[in-house]
Amino acid sequence: MRSGLASFEPQARRGRHPDSVTVVAVGITRWAPYVNAHAPALCPCAVCRAVREAVGEDMVLMLDPYGVYTLEEALWVGHQLEDLGYYWLEHPMIETRMEPYRRLARELSINICSPEHVRGGMYSRAEWILQGASDLLRIDPGYGGLTACWKTAAVCQAFGLKCELHGGGWRWANTQLLGATTEATSEYYERGLLLPGIDGNDTPPYLEAIADPMDAAGNVIIPEAPGLGMQLNWDYGSTME
Amino acid sequence: MGDKLVVTRVETIQFASLQAPTRLPRGITLPPDGAIRVFTDHGVVGEYVGGLPSDYDAVAYLAPRLLGRDALDREGFYECGKFWTRQFGRVGHSVIDNALWDLAGKWYRAPVYELLGATRRRLPAYASTTIGDDPKGGSSYRALSTPDGYADFAVRCHELGYPAFKIHGWLDGDVQREIALATAVGERVGDRMVLMDDVSSRLPTFGAAVKLGRVLDDYGYFWYEDPFADTGISSTAHRRLRERVRTPLLITEHLRTLEPKMDFLVNGGTDLIRADPDHDGGITGAMKIAHAAEGLGADVELHFCGPAHRHVMTAIRNTNYYEMALLHPEYEYVSAASSVSQNYRDGLDSVGSDGCVEASDEPGLGVEYAWELIESRRVGGGVWEI
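Going line by line, the protein sequences match chains A and B. So for the first sequence, the working numbering puts the first residue at -12; every next one is plus one. So for the second sequence, the working numbering puts the first residue at -17; every next one is plus one.
Honestly, the hints are just simulated from the structure, not real lab data. It is possible that some hints are incorrect.
Quick list of the computed label-pair ranges, beta carbon to beta carbon [claimed, not checked]:
#  : chain 1 : residue 1 : chain 2 : residue 2 : range
1  : B       : Gly250    : A       : Pro200    : 42 to 50 Å
2  : B       : Glu367    : A       : Arg84     : 30 to 38 Å
3  : A       : Arg84     : B       : Thr213    : 37 to 45 Å
4  : B       : Arg222    : A       : Val34     : 51 to 59 Å
5  : A       : Ile81     : B       : Pro186    : 49 to 57 Å
6  : A       : Asp70     : B       : Arg196    : 56 to 64 Å
7  : A       : Val34     : B       : Ala100    : 18 to 26 Å
8  : B       : Arg228    : A       : Asp202    : 57 to 65 Å
9  : B       : Val(-12)  : A       : Ser96     : 40 to 48 Å
10 : B       : Gly120    : A       : Gly132    : 54 to 62 Å
11 : B       : Glu367    : A       : Asp186    : 56 to 64 Å
12 : A       : Asp202    : B       : Gly364    : 53 to 61 Å
13 : B       : Gly189    : A       : Asp70     : 52 to 60 Å
Selected chain B positions facing chain A (in silico; Cβ < 10 Å) [unchecked claim]:
#  : residue
14 : Gly99
15 : Met244
16 : Met269
Virtual Cβ for every residue (Gly too), placed ideally from N, Cα, C.
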């Protein structure tokens, strides 16, 4: 189902050092619909089916219900997504309890992508791995910074599992982190949040440039300036005083 | 910034070791040491001296795959090396990786430990002995032929500042002699030195490992390393040993790279994890092992000594001691880098009065090698160019 499988001999994306200039490509070949938190599980399944039918077989698709399901709902939705060829089911239930995730990951063949918001960084993620509570781990520079993500990536590599990066947009550390891991560890850049009419290409007034410009092939370009490459509009900040 | 540093040339030199004791035990020969240089189209060169002949055999296989790549793409080459050496022991890409880190440090004009996230400067060392002298086995040395000889050497190391002392016993697997050795050293310096025992996988049975382990418990040894003849690769055996012996086990020196080491830890086969920048995927691989161990609350202990080891240890929290190895009252067999450098040295007297060493502050690994000397002792090597 997926169009962009990991290459036989993975090439790391460029940009290992904060000072380095990086031009790299993170393929956007998927679309992750967010669903209404209060919608019954039936509704997102209809949405997911409509999306699959609209894009055809070749686009990688994921679903993120951000933790609103019960175990029974997550199981039911997960089986529907398996039939629709979705790649992962992300953060389907509240993440403070691991046992429902153990049961879910055991029962479903679709990949479970969690935990996203659990505290404890690499320590809690190591526990989730050993408990078999998810298939794809989640990392986020907002939780412990780049250093914590780097260490968590090593934990995941030790057990041959992926950790997918959470969040994009204003998070300038994210592209740098993807630049320093191979596709075998962290594959996709999450570009969003998008809506029809909001394509993420507009520069907000507090920035000189967006963090994640995208080329025609669907690849996000890592900033080339030293450090994180942030380009803030400091004048905008001063006008707020 | 952001330039791609294209690897244009890889050069290796294997050279007759300069660190041999003058009187080797009969039947023991030292392998040649190895040196590697990685050249780029931007002029910056990465250098490393270290590794075993098996590493350099594999370099001949890996070097063509490095040509044309970005020298700063260490993570990508780690994956490449892991894949292409998967069928023959995953050796060889460590020395390349270490040279690439040296190159990166020189490019960014920073010591490698800063690129890794420096967390300290002084690294407490343990004096790690050679194997015991065995006159009947042909050794012409005598100082480490008895338990008291080891105890005398431990006292000397303590006077030099070493906070810790590790014994490598004899190679005949006589558990009663190993018990006498652990007892003599424990009695003499156990009240003032941290002690470790590395039996080099020579005890013949699990039972012998239990016997010696109980003696180490009595003397409060800090770790018990590779005790018996499975050669440190059975997590089941060592989980059972941990149920019977209180002294923390240090196993996994003989398992290559990240994944099997962590499986061994998770399966309860060890308390401390071994990592070696010369054999476990270089500095890149050693950092992965340290970070993964940290995620499980475990400490990593670096095996052997050398400039890469120092930079890695400087950037790790969850580690205890630098292995100054191998030391003998009359000779030493230490890092190959130490034998061909004017500004880098491992050896008995290379620790400060606080028993610590440091990594270099110079760019890269900070070691200046005597290339003419290395060349003059060449016994093999190769050149790969675009």
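Next on the checklist: I'd like to know which numbered hints this structure contradicts. Please list them from smallest to largest.
Outcome noted: Violated hints (numbers, rising): 2, 7, 11 and 12; every other hint is consistent with the structure.
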